[in-house]
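S.K.: Chains as they are written, first to last, in the numbering used here: chain A, 1 to 99; chain B, 1001 to 1284.
Note that these hints are calculated values from the structure, not bench results.
Careful: at least some of the hints might be erroneous.
Computed spacing ranges between beta-carbons, pair by pair [as the list claims (entries may be wrong)]:
1. D1011/B with A56/A: 27 to 37 Å
2. S1070/B with S18/A: 45 to 55 Å
3. D1205/B with P66/A: 25 to 35 Å
4. D1224/B with S44/A: 22 to 32 Å
5. P66/A with D1053/B: 32 to 42 Å
These numbers were taken from a predicted model, which means no experiment stands behind them.
Ideal Cβ placement from N, Cα and C applies to all residues, glycine included.
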Amino acid sequence: MCGAPEQTAELPPGTDLSKESVLVGKVTDGSSPVGGAYVRLLDSTGEFTAEVVSSASGDYRFFARPGTWTVRALSRSGNGQAEVTVGGPGLFTTEVEVA
Amino acid sequence: MSRQDALVTADWAEQNLDAPNTVFVEVDEDTTAYDGGHIPGAVKLDWKTELQDPVRRDFVDKAGFERLLSSKGISNDDTVVLYGGNNNWFAAYAYWYFKLYGHQAVKLLDGGRKKWELDGRKLDTEVPQRPQTQYTAQEQDTSIRAFRDEVINAIGTKNLVDVRSPDEFSGKLLAPAHLPQEQAQRGGHIPSALNVPWSKAANEDGTFKSDEELRKLYEQEGLDSSRPTIAYCRIGERSSHTWFALHELLGETDVKNYDGSWTEYGSLVGVPVETGPGQRGSGS
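Just need the whole structure built from these sequences, with the hints factored in.
M.R.: See the structure below:
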C-alpha cells in the first residue's frame, strides 16, 4: 500500500477530520483542471515529503501534520506551486496553478 | 556495478524499444497506469499479486519466479529494462528482486514513468504478446537481502539507513503522507539508524542524482563506508531505491535491503525502538 491511491475529491472512508489534517485541491492551468500532474508535498525546508498524480479532474490529496507546506505540481503544461499552512486537524483546500 | 551497467536514460530507451533480446517491464502496485498507456512493447508486472506470495508474507519461491518470467516471455539472456511510477520505487524493488534470483542483465530506466510522461514521450495501450519461455532462476542471493535477526544484531554495529520521511522516522506518522494512517504497529525507528530519505537521492523529475552528489549525500549524513549497510523503509520498496543508489550506482559492496522493514520491525515484541529525530537531526 505504498502506491499512490486513486485521487478523488472524496475522502477515503474512516478519515477523521477531527484528528487528521488533510490537504486537498486541484491543479489547474488557470482555467481547466490538469490531470496527470505530479503533485509533490514539500516541508517547510523545501524537503520532499510525498507525491501523488492528480486525477482526471485535477484533484490531489495528502495527509499531513500541522505546519507550513508547499504543494508543487509538475506537468507537461508547466510547473507551479502554492503554500499552505496547516494549523490543526481539518480539511485544507489549495489550488495549484501551472504555467 | 556502475551507473552505465545499471541505469539507462529515456533517450536510450526510446532508441532501443525494438532492440533484440530487450524486454521493457513496467512494475507497479497499481497496474491501472499501465492499462491506460505504457512504453510501447512493455509488459506489466504487478508488485503485489505477482511478486508476493499470496498467503505467507514472503516472495514467490524460485519455481514461482521461473513460472512468472516464463509466462511473461522473458528469457535468461534477455536484457530487462524496468520502470514504473512512484519515482521507480517498485521498479527498483523489482530490480533488486531480479538480482536476488540471479538475473544477469537488468537495468532501471532513469526517471521511470514520470520523466517519460513529463517529456511527452509516446505511450501505447497495446499489450504485447510474447511467446512463453523456459526461464531458469538461481537460488536467492541473500547477500543483498536482510532478515529481522540480522537487523537487530546490526544495531550500533552496521550502518542502518532508514529511508522514510522524517515524520515517519520520528514516529509522528506511520505511513507516507499521501496514504491513510491505518497501521497498528508502533511508530519510530531502529535505534542507531540514520535517516536519509530516499528522495534525497532523486531529482524532482525522478532521475537519480549524480554519483558525486550521492557520494556527498551519504558522507554528509554519516554513512560509514567501511561498514556493511542495511537499508529499510516501511515495506521495502523505497529502500530498494536507496539500495540501488548505494550498491548499483556507487558500487558499495556490502549493502542489503531489509524488505520486512518497518511493518515487520515495528510490530515485533521486545525489540528496541527509538522515537524522535535521531542523532543526526531529521535527515537534513
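S.K.: Taking the earlier hints as the rules, which of them does this structure contradict?
M.R.: Violated hints: none; all satisfied.
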